[in-house]
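Visitor: If you want the building blocks of each chain, they are given just below.
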Amino acid sequence: MKLRARAALTLLVGIVPLVALLVWGLREVRVRAAVEATSEAVLESLGEPERALCEADPAAFVARSGRGPGPRLRRRVARHVSPLRLAVYDEALRPVTPDAPRLDAAMTAALLRGEASAARREERARGARLVVATRTPWGSGRCAYVVVERPDVRRGRTLLWLNAFGVALATVAIGGLAVGPIVRRIRALTAAVAAGAPLPEGGPDEIGELTRAFAERRDELGRRLAELEARDAALKRFVANTTHDVMLPLTVLHGHLAALEEAARGGDPRTAATLRAAQEEAHYLASLVQNLGVAAKLDAGAPHVVWHDVALVPLVERVVARHARLAAQRGLELAHAVPEAGVTLRGDVTLLEQAVSNLVHNAVRYAEPGGHVAVVLEHAGPERFELRVLDDGPGVPEALLARLGERGFRGDEARTRQPQGLGLGLHIARDVAARLGLTLGFARGDERGLVATLSGPCLPARAAG
Amino acid sequence: MLVIEDDAALGGQLVAQLERAGFVVRWLRDGDAARGADLDGLSLVVLDLMLPGVYGLDLLRLFRARSDVPVLVLTARNETADKVRALELGADDYVTKPFWPEELVARVQARLRRPTMTRGDRLRVGALDLDLGAHLASHAGVPLDLTPTELQLLVALARRPGAAVTRRALADAALDLGGERTLDVHVSRLRRKLPEGAPRIVTVWGIGYRLEAGTP
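Protein chains in written order, with the numbering used here: chain G, 1 to 465; chain R, 1001 to 1216.
Quick caveat, the hints were computed from the structure, so don't treat them as lab data. All values reported here derive from a predicted model rather than from experimental measurement. Heads up, some of the hints might be wrong.
To be verified - What follows is a list of derived Cβ distance ranges for each label pair: (1) R:E1212 with G:P369: 36 to 46 Å; (2) R:D1058 with G:L288: 26 to 36 Å; (3) R:A1065 with G:F214: 53 to 63 Å; (4) G:E281 with R:D1058: 57 to 67 Å; (5) R:G1012 with G:E281: 52 to 62 Å; (6) G:E281 with R:G1133: 36 to 46 Å; (7) R:R1122 with G:L285: 22 to 32 Å; (8) G:P369 with R:H1135: 39 to 49 Å; (9) R:R1061 with G:G441: 39 to 49 Å; (10) G:D446 with R:R1189: 41 to 51 Å; (11) G:G441 with R:G1012: 39 to 49 Å; (12) R:A1065 with G:A188: 36 to 46 Å.
Unchecked claim - Covered by chain G, according to a simulated footprint, are these stretches of chain R (three or more residues, beta-carbon under 8 Å): (13) 1001-1007; (14) 1087-1097; (15) 1128-1140; (16) 1151-1165; (17) 1199-1208.
All C-beta atoms in this analysis are idealised placements derived from N, C-alpha and C, irrespective of residue type, glycine included.
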């Protein structure tokens, strides 16, 4: 709820019961005054002649005209209130005149206790009435009590409530006016903070203190952010340069190892085995450096994903070519199939290529000599593709299989290089799939081995190059 | 073929590897020399993007303005933006460092591979001749007696000789009914009908079949 509405509501909640209480109190006071005034008027108009008249003929006493006090009383009391009804009760509180207003138990009790007057209110269809019973100065015989029934004093009730409503409304309006400048200043502050604009002048009050506290914290955050950005940029430069510097000699090393292996062919089998192992390590090292680069990009968040059209066929061909040597050395058949029409999807070629490379590398590493690895890219509908990496190696236990697809699953084995370990590669493949909106699933092969399936939307086949 | 590579060790290796694969290679070591390189008669350019004194992409733009020769880019910065930029500027493919010698050679050969479809509706693989219009197959001039399904299968394989074709793709191309289950029967009959010396149909684990050029 906004500040202004909250202030208005608070004022309303406070004012309304107060006004209601006031109205009720005022009405009580006015009723009491009316009762007393009526009672006094009755007493003033009674003397010995009236007592004699009443005892002799009560009906004439309360008549609307004649010598009784009725006309006088009417004139006095009814200046403001009319019509008026008069009645006489005897000392046992029995009505003496016909059509006398009824006295209730509380009034009877009060009068019998000896009180000079008693009154009650009575709601009627044509407005509330006041019934006021007054003990006559002599207080005995047939005319012990004079009872007056008159309209209630509540003629001004609507006006009273209108006044009360007006007071409440005025209070709320004044409250709103008072809150207005505060709300405006807070809004200005919010807008400035949100837009990163210079903060408004604070002033000496609490809002001023808030503004200054904001300004100080913002300056400090800005300084820290600048420091961090500078550090991040330096680190990125360092990593990029280092990667570049590492990749060149690593490429040359690959070339030397390949040449050495060729030269040593047919020679000492131990030399050949050592060279194979050396090439595997070089391959692993290259893959590790690439994976660390991709992991850094993934950890850095969305801005490091460059979205563009990725042609999957050359990507698969590059990945297969990359692992061909390793597969040949391990005595594996590494084959691939791609559709003639080509497959193009929206993605990031570096991330995607590393993900596919990791799946293939994984299959090649764990396949057994004489085994097979196949990479199959197919359309799975007009605008979907499916890329499967199959091997006939030992596969993965069922319990682990379910966890391979879990996001965030990175056991200790991810950092080990044991043959059973999952390696960093699969985790990166899974993270890349999630980041690019693709699905990566793992299943057992038909007979043995593992099938990794990467699937997702692609551009329509005819548009693909 | 032109190799533009500033690193002496890597440049030497690239030249040796490509020459061993049967290419005639010229090697330029720096960007300035490469600017004025004569591109006429080249079948392909291998360009390292990290050259001293000149940004490799500028060189690529320069080449593209002068010639349609295929350009294969070598990159050590594994950055998507670089690759996208290179492809946009007209590079045909890229290889990320580090790479194995055969990786580079495979990409070069893929780029230079001639389309198989030689003339309209005729396919030739070695001595195997497939006339798509007349629905006829012959080997070294001798007609082969093939059923329509067998001919369709052979055509599907011969469109991309040496490349594995999935069982699903073969079934889609040649089999109306029965699907993949009857594929092996048809392939087995087709194999028996191909004479000695003709391209062979090789089973590829996990994928399907591949047509390998036979010994002439």
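Visitor: All hints, please: hold or fail.
Guide: Taking the hints in turn, this is what the structure says about them:
1. Taking the beta carbon of each, R:E1212 and G:P369 are about 23 Å apart, not inside 36 to 46 Å as hinted.
2. A hinted range of 26 to 36 Å for the beta carbons of R:D1058 and G:L288 is consistent with their spacing of about 32 Å.
3. For the pair R:A1065 and G:F214, the beta carbons lie near 55 Å from each other, so the given range of 53 to 63 Å is met.
4. The beta-carbon spacing between G:E281 and R:D1058, approximately 37 Å, falls outside the hinted interval of 57 to 67 Å.
5. Taken as a hint, the range 52 to 62 Å is violated for the pair R:G1012 and G:E281, whose Cβ atoms sit roughly 23 Å apart.
6. Between G:E281 and R:G1133 the Cβ separation comes to about 55 Å, which falls outside the hinted range of 36 to 46 Å.
7. As the Cβ distance of R:R1122 to G:L285 is approximately 49 Å, the hint placing it in 22 to 32 Å is violated.
8. About 45 Å separates the C-beta atoms of G:P369 and R:H1135, a value consistent with the hinted range of 39 to 49 Å.
9. Under the hint 39 to 49 Å, the C-beta atoms of R:R1061 and G:G441, about 42 Å apart, fit the expected range.
10. The hint said 41 to 51 Å for the Cβ distance between G:D446 and R:R1189, and at roughly 25 Å that hint is violated.
11. Taking 39 to 49 Å as the suggested C-beta distance range, the pair G:G441 and R:G1012 conforms, at roughly 45 Å.
12. The supplied range of 36 to 46 Å is broken by R:A1065 and G:A188, whose beta-carbon atoms lie about 56 Å from each other.
13. Residue count for the stretch 1001-1007 of chain R with a Cβ under 8 Å from a Cβ of chain G: 1. That is fewer than the three needed, and the coverage hint is violated.
14. Only residues whose C-beta sits within less than 8 Å of a C-beta in chain G count toward coverage, and the stretch 1087-1097 of chain R has 4 of them, enough to reach three; the restraint holds.
15. For the stretch 1128-1140 of chain R, the stated coverage by chain G is not satisfied: 0 residues place a CB nearer than 8 Å to a CB of that chain, which falls below the threshold of 3.
16. Against chain G, the stretch 1151-1165 of chain R contributes 5 residues with a C-beta closer than 8 Å to a partner C-beta. That satisfies the three-residue criterion, and the hint holds.
17. Check result for the stretch 1199-1208 of chain R against chain G: holds, 5 residues qualifying (beta carbon to beta carbon below 8 Å, three or more required).
Hint compliance for this structure: hints 1, 4, 5, 6, 7, 10, 12, 13 and 15 are not met, and every other hint is.
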